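**Q** Sequence:
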Amino acid sequence: MKKEENEFHIHRKTISTLSASLCFLLLSIFYIFYIYHDLSSEMERYSYIAKSEAEHIATTIDCVMARTNTLKALIQDHNGDTSFFNKTAKDIYDSIIEETGITPKNFALAPDGIVSDVYPMEGNERFLGFNFLNPDMPGNADAIKAYEDRTTRLTNPFDLYQGGLGMGGRSPVIIRSGNETKLWGLVTVTIDYENLIQVLCLNKLNRMGVNYTLSYVDDAGEKHLIHSNGQIDSAAQKYRFEVRNLTWELSVSPSKGWISFWHMLLSIFVILLISAFVGIFTSIMLQLREKNLILIHVSNTDILTGNLNRRAYENALTELSKEPLAEDFVYVSADLNGLKQINDSRGHLAGDKLIIGAGDCMTKVFGDYGKIYRIGGDEFVALIHTGQQSLDQLMEKLHTLAENWRLSSLDELSMSVGHASCKEFPNASMKELIKTADERMYSAKNAYYQSKGMDRRRH
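Take any residue in the sequence shown, note its place counting from 1, add 1, and you have its number in my numbering.
If you are wondering where the hints come from, they were derived from the structure by calculation, not from laboratory data.
No experiment lies behind these values; they were computed from the predicted model shown.
A virtual CB, placed ideally from N, CA and C, is assigned to each residue, including glycine.
Be a bit skeptical, because a hint or two may be false.
As the list claims (entries may be wrong) - The calculated lysine-lysine pairs, modelled on DSSO-like cross-linking and capped at a C-alpha distance of 30 Å, are: (1) Lys183 - Lys88; (2) Lys239 - Lys341; (3) Lys365 - Lys446; (4) Lys146 - Lys183; (5) Lys354 - Lys365; (6) Lys146 - Lys224; (7) Lys239 - Lys224; (8) Lys436 - Lys453; (9) Lys205 - Lys183; (10) Lys365 - Lys398; (11) Lys239 - Lys323; (12) Lys257 - Lys365; (13) Lys424 - Lys436; (14) Lys365 - Lys436; (15) Lys354 - Lys424; (16) Lys73 - Lys146; (17) Lys446 - Lys436; (18) Lys323 - Lys354; (19) Lys432 - Lys446; (20) Lys205 - Lys341; (21) Lys183 - Lys73; (22) Lys398 - Lys432; (23) Lys365 - Lys323.
Claimed, not checked - Using C-beta positions, here's what the derived DEER-type ranges look like: (24) His57 - Met138: 29 to 35 Å; (25) Ala74 - Glu425: 55 to 61 Å; (26) Arg241 - Gly130: 36 to 42 Å; (27) Glu425 - Phe242: 56 to 62 Å; (28) Glu291 - Arg241: 46 to 52 Å.
Let the sequences and hints guide you as you build the complete structure.
**A** Following this line, the structure appears as structure tokens:
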């Protein structure tokens with residue numbers, strides 16, 4: 002024990018020395034590269050800001066666009082009749098305001114691409130009769146594309162026909178009649194651009210000290226500014242995202258620059274503090290963990306067989322008693338036959354070899370299904386999980402292994418085994434399973450000694 006303590010002390014000293022050297026190296030590296038490290042962290046934070054805001058933008062717009070599906074479904078259910086529109090459009094209009102805060106410019110129905118119904122009517126009177134399929138009108142390119150491809154499309158911000166700046170969604174309506182389909186027209190929603198920017202709360206980035214630009218990317222890959230505040234630098238974090246068929250990009254950077262002098266000093270202090278203690282702390286924790294693992298292993302292992310010992314067995318029973326037993330749980334009790342005779346006739350060394358052989362057989366048979374414990378001199382227990390068919394095969398395999406076991410000085414290994422499963426006794430407690438398995442094991446042991454014509458008490 003003294004020797005082990007000395008070795009442990011030397012090992013700990015070695016680790017401490019290595020940790021101190023590592024700390025010195027880390028301090029030197031951090032001193033040179035701390036600005037890069039701090040800048041990387043700040044950029045990562047801004048990258049998250051860009052991503053978070055972009056996802057909020059996409060979700061909000063998508064929430065508005067999803068309402069067109071309700072109108073489409075009603076037109077399809079009414080086989081093209083739109084008499085329901087005014088009442089339903091008002092409900093949808095109010096729900097969008099309530100859920101997103103966005104006040105839509107209008108909802109419109111356009112059979113064959115020409116607006117026949119619009120809500121609200123006030124301020125949108127000029128919109129009636131508008132032809133979405135007229136390529137000369139602003140914003141109609143996406144409407145024509147949606148009509149031709151029969152896919153829902155969004156427009157980037159454009160000058161509205163009825164005045165103002167907005168963006169819209171154009172969704173084709175297809176009516177099915179039997180096995181045939183007919184393109185009825187379009188359902189559209191138009192969003193006021195300024196209202197959208199206000200609802201998206203991009204101005205809150207100002208209060209966070211963040212400059213930003215929001216742009217859309219056209220089919221040629223060129224970017225066009227949608228909205229911005231302040232100037233962003235060349236290191237701005239960019240997040241490109243999809244809003245339905247559109248591609249937008251949000252770029253953000255700090256309004257006061259990426260690194261301040263005081264932030265730099267604070268970073269140096271924190272890095273020095275962490276580096277000074279990390280090596281020592283790591284060394285101590287690793288040593289404690291190693292020692293604890295060794296102690297736990299030793300305290301729960303049977304020295305002779307290498308199986309788990311009675312202490313581990315009792316701990317396992319305590320844990321199993323906390324919850325209902327699984328349906329496939331099986332308690333196996335095993336006991337060596339004739340150990341006393343071997344000890345008396347050939348010595349305890351031979352008896353120990355027999356015990357080791359029994360533990361080895363138990364491990365080979367039950368090791369893949371649970372854990373094996375040596376709970377007494379010649380007593381073993383297996384706590385396993387398996388079905389009845391597999392259990393019968395395992396019991397047969399155990400007896401076969403024991404019968405075929407041979408050693409130069411010993412030519413017989415016999416075990417009496419009993420088991421009890423939750424499958425067989427579904428309402429039994431752990432104590433009842435143990436009692437049943439032991440009774441079966443002792444019954445098998447009595448049968449063994451009777452077959453040998455021996456007195457069990459003397460063997």
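**Q** With reference to the structure, classify each hint as holding or not holding.
**A** Now the hints, each set against the structure:
Between Lys183 and Lys88 the alpha-carbon distance is near 26 Å, which keeps this suggested pair within the 30 Å criterion. Proposed proximity of Lys239 and Lys341 is contradicted: the alpha carbons are some 80 Å apart, above 30 Å. Between the alpha carbons of Lys365 and Lys446 the distance comes to roughly 22 Å, so the proposed pair stays at or under 30 Å and holds. The hinted pair formed by Lys146 and Lys183 meets the criterion: a straight-line CA distance of about 17 Å does not exceed 30 Å.
The straight-line distance between the Cα atoms of Lys354 and Lys365 is roughly 16 Å, inside the 30 Å bound, and the hint therefore holds. For the hint pairing Lys146 with Lys224, the CA-to-CA distance comes to about 21 Å; that is within 30 Å, so the pair holds. A distance of roughly 12 Å separates the Cα atoms of Lys239 and Lys224; the hinted pair therefore holds under the 30 Å criterion. Restraint check for Lys436 and Lys453: the C-alpha separation of about 26 Å stays at or below 30 Å, so the hint holds.
Distance check on the hinted pair: Lys205 and Lys183 sit about 47 Å apart at the alpha-carbon level, beyond 30 Å; violated. Of the supplied pair hints, the one linking Lys365 and Lys398 holds, its CA atoms being roughly 9 Å apart against a limit of 30 Å. Restraint check: the Cα-Cα separation between Lys239 and Lys323 comes to about 53 Å, which exceeds 30 Å; the hinted pair is violated. A distance of roughly 69 Å separates the Cα atoms of Lys257 and Lys365; the hinted pair therefore is violated under the 30 Å criterion.
For the suggested pair Lys424 and Lys436, the alpha carbons sit about 16 Å apart, so the restraint of at most 30 Å is met. About 25 Å separates the Cα atoms of Lys365 and Lys436, which keeps this hinted pair within 30 Å; it holds. Proximity of Lys354 to Lys424 is assessed by CA-CA distance (about 35 Å); at most 30 Å being required, the pair is judged violated. In summary, the hint linking Lys73 to Lys146 is supported, as the alpha carbons are separated by about 18 Å, within the 30 Å threshold.
A threshold of 30 Å between alpha carbons decides the hint, and for Lys446 with Lys436 the separation of about 15 Å falls inside it, so the pair holds. A threshold of 30 Å between alpha carbons decides the hint, and for Lys323 with Lys354 the separation of about 37 Å lies outside it, so the pair is violated. Proximity of Lys432 to Lys446 is assessed by CA-CA distance (about 21 Å); at most 30 Å being required, the pair is judged to hold. With a C-alpha separation of about 85 Å, the suggested pair Lys205 and Lys341 falls outside the 30 Å cut-off, and the hint is violated.
Among the hinted pairs, Lys183 with Lys73 is consistent with the structure: their alpha-carbon atoms are about 13 Å apart, no more than 30 Å. Annotation: proposed proximity of Lys398 to Lys432 holds, straight-line Cα distance about 27 Å (limit 30 Å). Taking the CA atoms of Lys365 and Lys323, the gap is about 29 Å. The hint holds against a cut of 30 Å. Taking 29 to 35 Å as the suggested C-beta distance range, the pair His57 and Met138 conforms, at roughly 31 Å.
Between Ala74 and Glu425, the C-beta spacing of about 57 Å keeps the proposed range 55 to 61 Å intact. Between Arg241 and Gly130, the C-beta spacing of about 38 Å keeps the proposed range 36 to 42 Å intact. A hinted range of 56 to 62 Å for the beta carbons of Glu425 and Phe242 is consistent with their spacing of about 60 Å. Between Glu291 and Arg241 the beta carbons are some 49 Å apart, a value that agrees with the proposed interval 46 to 52 Å.
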